[in-house]
Amino acid sequence: MTAMRVDAKVVMLGKESVGKTSLVERYVHHRFLVGPYQNTIGAAFVAKSINVADKVITLGIWDTAGSERYEAMSRIYYRGARAAIVCYDLTDSSSFQRARFWVKELQTFEEHCKIYLCGTKNDLVEGDRGARQVDYHDVQDFVEEIGAQHFETSSKTGNNVDALFMKVAEDFSNSALELLPEEKGVNLGQKKNSYFYTCCHH
Amino acid sequence: MSSRTDRRGIYVDQAALLCRKGCSFYGNSTWGGLCSQCWREENHKSRAKQIEEDLALAKRLQREEEAAYANSNQGENSSARQSKPEEKKNSHKSHTVQTGKKFLQTIAKTTLGRDANVSSQAAPTTSVNQQPVAESDQATRQFIDYLKTLQKPGRDIFKQCHSFCHSVAYKKDLSAEDLSESVQDFYQNLSERLHNLYKGSPDRVEEVMDEVEKYLTLQLYEKAFCPESADDERKDLTIQKRIRALHWVTVQMLGAPLKEESPVVSDSLDKAITDIIEMDSKRVPRDKLAYVTRCSKHIFNAIKCSKRLAASADDFLPTLIYVVLRANPPRLQSNIQYITRFCNPKRLMSGEDGYYFTNLCCAMAFIEKLDAQSLNLSPEEFELYMSDQASPDRPQARGVSLPSSSAPRTGPKVDRPENDLIDWRDGAEASVQDVLEGLHLDSCAPSTSAIDSDNVDNPSQTHFKAKATVISGNPNIFSGEDVQLDCIVPDEPSPGWIFQWFHNDVPISANKVYHIKNARIQQSGDYTCQGRKLFKIWPYTRIANLSDPVKIHIDGGWVLLRTASESLITEGPMTLTCHIRDDPLLVNAIFYKDGIKIKTQNSNDLVFPSLSTEDNGIYSCTATWVKNLIYQSAQSLAFPVTVLERLETPRLVLVPDQDQVRIGTNVVFRCITKVNDKEQGLTVEYYYIKDDNRLAPASTTDTFIISRVNEEDTGNYVCKVYVRALKIERWSNVLQLTVLPF
Numbered sequence: 001m002t003a004m005r006v007d008a009k010v011v012m013l014g015k016e017s018v019g020k021t022s023l024v025e026r027y028v029h030h031r032f033l034v035g036p037y038q039n040t041i042g043a044a045f046v047a048k049s050i051n052v053a054d055k056v057i058t059l060g061i062w063d064t065a066g067s068e069r070y071e072a073m074s075r076i077y078y079r080g081a082r083a084a085i086v087c088y089d090l091t092d093s094s095s096f097q098r099a100r101f102w103v104k105e106l107q108t109f110e111e112h113c114k115i116y117l118c119g120t121k122n123d124l125v126e127g128d129r130g131a132r133q134v135d136y137h138d139v140q141d142f143v144e145e146i147g148a149q150h151f152e153t154s155s156k157t158g159n160n161v162d163a164l165f166m167k168v169a170e171d172f173s174n175s176a177l178e179l180l181p182e183e184k185g186v187n188l189g190q191k192k193n194s195y196f197y198t199c200c201h202h
Numbered sequence: 001m002s003s004r005t006d007r008r009g010i011y012v013d014q015a016a017l018l019c020r021k022g023c024s025f026y027g028n029s030t031w032g033g034l035c036s037q038c039w040r041e042e043n044h045k046s047r048a049k050q051i052e053e054d055l056a057l058a059k060r061l062q063r064e065e066e067a068a069y070a071n072s073n074q075g076e077n078s079s080a081r082q083s084k085p086e087e088k089k090n091s092h093k094s095h096t097v098q099t100g101k102k103f104l105q106t107i108a109k110t111t112l113g114r115d116a117n118v119s120s121q122a123a124p125t126t127s128v129n130q131q132p133v134a135e136s137d138q139a140t141r142q143f144i145d146y147l148k149t150l151q152k153p154g155r156d157i158f159k160q161c162h163s164f165c166h167s168v169a170y171k172k173d174l175s176a177e178d179l180s181e182s183v184q185d186f187y188q189n190l191s192e193r194l195h196n197l198y199k200g201s202p203d204r205v206e207e208v209m210d211e212v213e214k215y216l217t218l219q220l221y222e223k224a225f226c227p228e229s230a231d232d233e234r235k236d237l238t239i240q241k242r243i244r245a246l247h248w249v250t251v252q253m254l255g256a257p258l259k260e261e262s263p264v265v266s267d268s269l270d271k272a273i274t275d276i277i278e279m280d281s282k283r284v285p286r287d288k289l290a291y292v293t294r295c296s297k298h299i300f301n302a303i304k305c306s307k308r309l310a311a312s313a314d315d316f317l318p319t320l321i322y323v324v325l326r327a328n329p330p331r332l333q334s335n336i337q338y339i340t341r342f343c344n345p346k347r348l349m350s351g352e353d354g355y356y357f358t359n360l361c362c363a364m365a366f367i368e369k370l371d372a373q374s375l376n377l378s379p380e381e382f383e384l385y386m387s388d389q390a391s392p393d394r395p396q397a398r399g400v401s402l403p404s405s406s407a408p409r410t411g412p413k414v415d416r417p418e419n420d421l422i423d424w425r426d427g428a429e430a431s432v433q434d435v436l437e438g439l440h441l442d443s444c445a446p447s448t449s450a451i452d453s454d455n456v457d458n459p460s461q462t463h464f465k466a467k468a469t470v471i472s473g474n475p476n477i478f479s480g481e482d483v484q485l486d487c488i489v490p491d492e493p494s495p496g497w498i499f500q501w502f503h504n505d506v507p508i509s510a511n512k513v514y515h516i517k518n519a520r521i522q523q524s525g526d527y528t529c530q531g532r533k534l535f536k537i538w539p540y541t542r543i544a545n546l547s548d549p550v551k552i553h554i555d556g557g558w559v560l561l562r563t564a565s566e567s568l569i570t571e572g573p574m575t576l577t578c579h580i581r582d583d584p585l586l587v588n589a590i591f592y593k594d595g596i597k598i599k600t601q602n603s604n605d606l607v608f609p610s611l612s613t614e615d616n617g618i619y620s621c622t623a624t625w626v627k628n629l630i631y632q633s634a635q636s637l638a639f640p641v642t643v644l645e646r647l648e649t650p651r652l653v654l655v656p657d658q659d660q661v662r663i664g665t666n667v668v669f670r671c672i673t674k675v676n677d678k679e680q681g682l683t684v685e686y687y688y689i690k691d692d693n694r695l696a697p698a699s700t701t702d703t704f705i706i707s708r709v710n711e712e713d714t715g716n717y718v719c720k721v722y723v724r725a726l727k728i729e730r731w732s733n734v735l736q737l738t739v740l741p742f
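First to last, the sequence lines map onto chains Z and F. The opening position of the first sequence corresponds to residue 1 in the UniProt record's numbering, with each subsequent residue numbered one higher. The opening position of the second sequence corresponds to residue 1 in the UniProt record's numbering, with each subsequent residue numbered one higher.
Bound-form chain F, shown alone (with noise of 0.2 Å):
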């Protein structure tokens, strides 16, 4: 492929995915490794040890149970006949423990001539297999207790499901389809059962049938989670790879409504992919549903905090789509077709997890089947994208259109009519304030910091910024000279604002325009702005954030050094300015960079055409001129020069910030860099490598998670950050990370 040699320096090593048996299928961490063939077959060995522990919990079990029927035996048969004196119950009861006992026995009648057979190749057992035995064996433990709540028709379901489970686990070549249909049939009936035995308590039945699939499901699990038999492990691999081609699906392309820039928009989205990643390490359909749901209502409230609307499934399938695109979740589809195959079918059909579950099998579908049309592409874009000629503007930037083909989703904004508008100055503040403190603020509020809360008492807290500039003068200028400053909100520039001007953090104008007339030197500092706007109807205002300042100097003196652009970025010219008071005629101009004599000219203005760091420096100038006909000369003020980097060097940080984690955490990385550049909203893409293997395809977020780290994440760890459009890449610092063991 073209697009490899564009990636200097990184490579994806093969060796690493591979299994380690080198069969040439991919491997997994979770199977130590191996693909699932050799996964497998290593874990038939360590079956033997299995069925052995099956049978010591059995032997136990039984004593367990003939020890408690023993003494409940006497007990339960007086007060029966007290409440309820029916000679058949009591027939019947002890008839189920016989054959309990019974079948308890043939059990392990079975399970040791299996342990003979398998004892000649036992290997030893590798930690991997050694949780799910626990695990297991733990649940039926659980199962157990449970079941004895329910007296006797817990004995008779312990006994069925125990029974089904051995007849199926050993069945050979039972499909996935097929395990399947005797699972759910077995659900079925037990449940319909259950429904004759608690008549006019469905909640009771259901509380069963929840444990029923716990206890079956982990008793199953190895066989019915990715079957040899079904394809899912290939089918896998293949939406792991489409996923991965489509990385530069924007939100906006999907049309979902997500200010990824607030903090708490893409703090709900990061939990919502964390979780959405987590639902592969439970091993319950309903544990898995569980998180689902869980990722759902981050999305939710991502959704709500940027529209500021309750979301709608309009929002919301677009969104859980995106979220899938950036997570990636491991086994999509084996975990799809394992809870489809294996969860008991109404929670699937109608509850509020079988909704959610709706619409990830939604989002998977709508991923497989992308083309241009869905994403309001034209083929030749959608092609470009794919073939990672080209890459999308980044989803954050304004003023950067798309290609003209594709029509601008016209999706729910936040954008108000202007009749919505009100006056500031008619006095509504006052109401304003009164309503807002009668409001519910909600959810939105951030975890950590700053969000949107629009609150008048804060400030500080929506993502909108306003911007200070210098519209007319420079903001070097001499005393009784003028320059004037006008605030601007980049993000949200309809009409309607209200600013503030701050001089030095003291309010000095309310209007858009600061004109410094005939300045005085101690108007000299730092100046700032702010917006707000009011509605009539919620959010009633919105405020925009106090702007980076304005450095205004006023120099008393004759001669200032300056120049006229905003900001100084390498690769891009520069001209100084020896500026004199009056502007009388030049004799000669001498330029100084930290002390040293750079350049005399007798022109006021020293052209760099190419800047580069190095160019960073203390600059002055001293100049000569004629003003009535005498010759002066004045030396300026020091002048710092500070060249910014097109692109900033990136640092990689843990965050929270840290460099040793325990296993099984979820570690997030944080790649920090800035693109300085006239052209805004450039598309920054990220490469994330250990240990020089690159993890995962570019994406154009800063952010990279592990789920649940095992001690082979432990190494180096570094990012890369790539503008294609300036063809300028940089790496960021090496960050050591060590994974601790549990």
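Pulled out of the complex, with its shape left as it was, chain Z reads as follows (with noise of 0.2 Å):
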């Protein structure tokens, strides 16, 4: 079992039934299946090459379980992550409070992780104008506000999911740079967060 070596960890942040899987789905095997994914096994962790300027970013991606059950255990989650895409569902105004829930979570504990908020299920409301229940300029402000990236996403047509993925391999990317020359590889810096103790220690 040779596993890829991992450059950079992505979390898929979401409440339960928003496509966080679909949108990885979409990414990386560039389909929509309505029906069973016959040949993926599981679509939980999946490492991902990018072609980003002239180097090779692999990004590894993480899917998390959305149910509030596990909601107390989302922070053994995210911890050391370079990115957290947060998804909520266009056409699901519940979703986007649980979004912004998350979002706080990542600025108080984790602020190394770039924040890409994901309206996802972009088609259903390009059909259907009544169907959009999260305003997109609301968004936008939220956005700013936090200092985070947007994106609306379509599963379904593939609409700007490249566009999403391309962008957190960017940024991780150029911010890798910048870190490089005072911690001397990225990952390494953060051995001292002994976060897994979080989990096992109380």
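Warning: the hint list may mix true and false statements.
Think about it this way: if two alpha-carbon atoms lie no more than 16 Å apart in a straight line, the pair counts; the simulated EDC-like pairs of lysine to aspartate or glutamate are [to be verified]: (1) F:Lys-241 to F:Asp-388; (2) F:Lys-307 to F:Glu-381; (3) F:Lys-369 to Z:Glu-71; (4) F:Lys-369 to Z:Glu-170; (5) F:Lys-674 to F:Glu-645; (6) F:Lys-465 to F:Asp-388.
Honestly, the hints are just simulated from the structure, not real lab data. Remember, it's a predicted structure, so these values are computed and weren't measured experimentally.
Build the complex from these two chains, which are given one at a time in their own frames, with help from the hints.
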């Protein structure tokens, strides 16, 4: 079992059924399947290499359980993440409220983690404007306030999906260059965040 | 505890679990039945021997190194000059060797000194301790072999690792966190140096770091795993007890999308359980992680085969929690801590192994904090279950609803919207077949046999099973009478099924209800049915397996004996009816059991209010009646009666069937029983007992796994099954297990 070397950890956060898995599936396998994914055994962890400028960056994409019953554990997941894609469903305003929760968590506990807000199921609101429950401009204001990035994607049509992950990779590539001189190696610099203890230490 | 009285005849022999030295802590078989404290004491004594061996090894290595250097020095020098005539490099090299030599000498001295100190209390090494010595010995040799391929930097690395090991190995009062920090600092410094050395090939750096991690952790294992200073051991026990107390948690409560009744799914789950248990047997963090990853892959397979969808994290985490609850992995806390403290941080941070490990941490955190709310239960229910006063319904149960407060989980279910259905008779069969042939049928294919492959050619392969029932009339009728049979799929009652009836395996009808009108004697025999459903989208078809047969007997005579009940269960009633053609006026009926007259009466029905297995037998009746003013008399054919036990006596077997196993293998017991009760889906509790000692808390699974058996596991095993709702328990046969030495 030769595991691929991964440069950056990217976590997918978002309420159940906002389409985190479909987004990753669309990005990695360029497909959207209503029915079963016959060849993928699990889409919970994927390593994907991208060319950024003349470099190859490998993103390790972590899917997370979105159910509220695991909310207390979400910190264990996003620790050490370089990017978080916080998903909400454009047709479900409650999913955006949950997205705000994760944004807050990330800002408090994981300051080096870049935040990407991603409204999913754009195809549904394009077909029927009445279906939209989350206002684009409201999110845009929120995003500017917190200094995050904002995307609206459709895993069904593939709209904006590649752009989202490309941006994640580019940002990582740029920030890695900034960090390199002082820290020498990005991931090792965080070794004293022995955060796993938090889950097991009390 | 009040529940203790309920479990008559079973007890846990505390003494067997405790430390052999009687210090009231719990012992552990990997520590030779001692607790960590006593084991450490014992181990200390045997250290003396280890040190002696280390010394010998160090000396041997020194000789080897010197010899190797002497040989390679000339060759290397000349080749180095040819390619890179750098004087600096050469001088540096000889310098390294000198310090290396000096270094080894100092070790030899220090170890000698220690040897003198401890030799007075030297004790014979036990077999438990010998293994690690051999292992770390071997690890050193492998490490050196590996480093030799790196030429000079290799020697440097060895020197650093070796000196680091010795600097911490004999440090007293080093806390777990301190040790972890020194190791992590060492990793970081070394990896920085390696990054400078192998610029542009980070893979090479990681390869070296993997070897370094392996070497270091094997050297420091005794000190690093479950260290004295941390209270990991106490936490291990706490979590172990906690998991035992949670034995009643079902798949549904966790919202894990599992179809446990499918053999492939339960097979994958068993493998996942074995792997997570096996994690404890490895000593290198990376190897432990590999087992977590293997476990996770089996879980994905189980989900995939249950759901027919790729699993997402929303499916994976609950399933992993369920697997941990069922496995109750040994020393879970210690293992997680050990990996966290001594694994190369990069692996935990971003790679695939790290992902699964993070999920395992989450699973443990969830289990520790789990309450009524996290299982969608009311606090009252949770308390009842926790105190063992009640037990939730069996997971596979259908038609049994959980208490009202538990919100029904609308988890991913296989039920398809009805508009996906298409009509079988549209001639779609051919095209479906075409598509199926082009499909990748995959890892859900069973290693052994039956599973849900949805293959049209192989209708026997799903977990749905059709059921044939008599809906009007009786399976025992006279020729000329009528009986109606109905085919249903109890596990998937939604409409859209297309049925097929068979009479003695010959297809006869495609209707749901099969009506035998004006029956003829030739129509006697076995009636079975199966179902299939078609979809526009994958999986295109779904098959309900062939039902159990309904036996129809069509009698050409005048008298027959029959019973109205479908199944006869102990303590239940039975009415035997001596039935006469055309229902004339009865004079009397004489009932026989096994040829002996048991009752003469003037009514057709003989009632047994409460059956027992003693009522099993061959019954017949002789009836006398008046027809057209003429007395007539005739005897029925023999009618066998089989009374089923409400809870069948379990059979304890090994899977695969064997009675001798090798030491170190995993042994899987299965306790096979069946509940025959009108009420469906009653929970069976399983107890596993060895030589009168209960092995584990009650579980609702018929499988019991002992991982890595050792000789002490030899003994007599029995299982007990208990149905709380019926207050019935049954004991199995005694299974004698012999563990053979390796």
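Results for each hint:
no. : hint                   : in the structure
1   : F:Lys-241 to F:Asp-388 : 14 Å, holds
2   : F:Lys-307 to F:Glu-381 : 29 Å, violated
3   : F:Lys-369 to Z:Glu-71  : 12 Å, holds
4   : F:Lys-369 to Z:Glu-170 : 39 Å, violated
5   : F:Lys-674 to F:Glu-645 : 9 Å, holds
6   : F:Lys-465 to F:Asp-388 : 34 Å, violated
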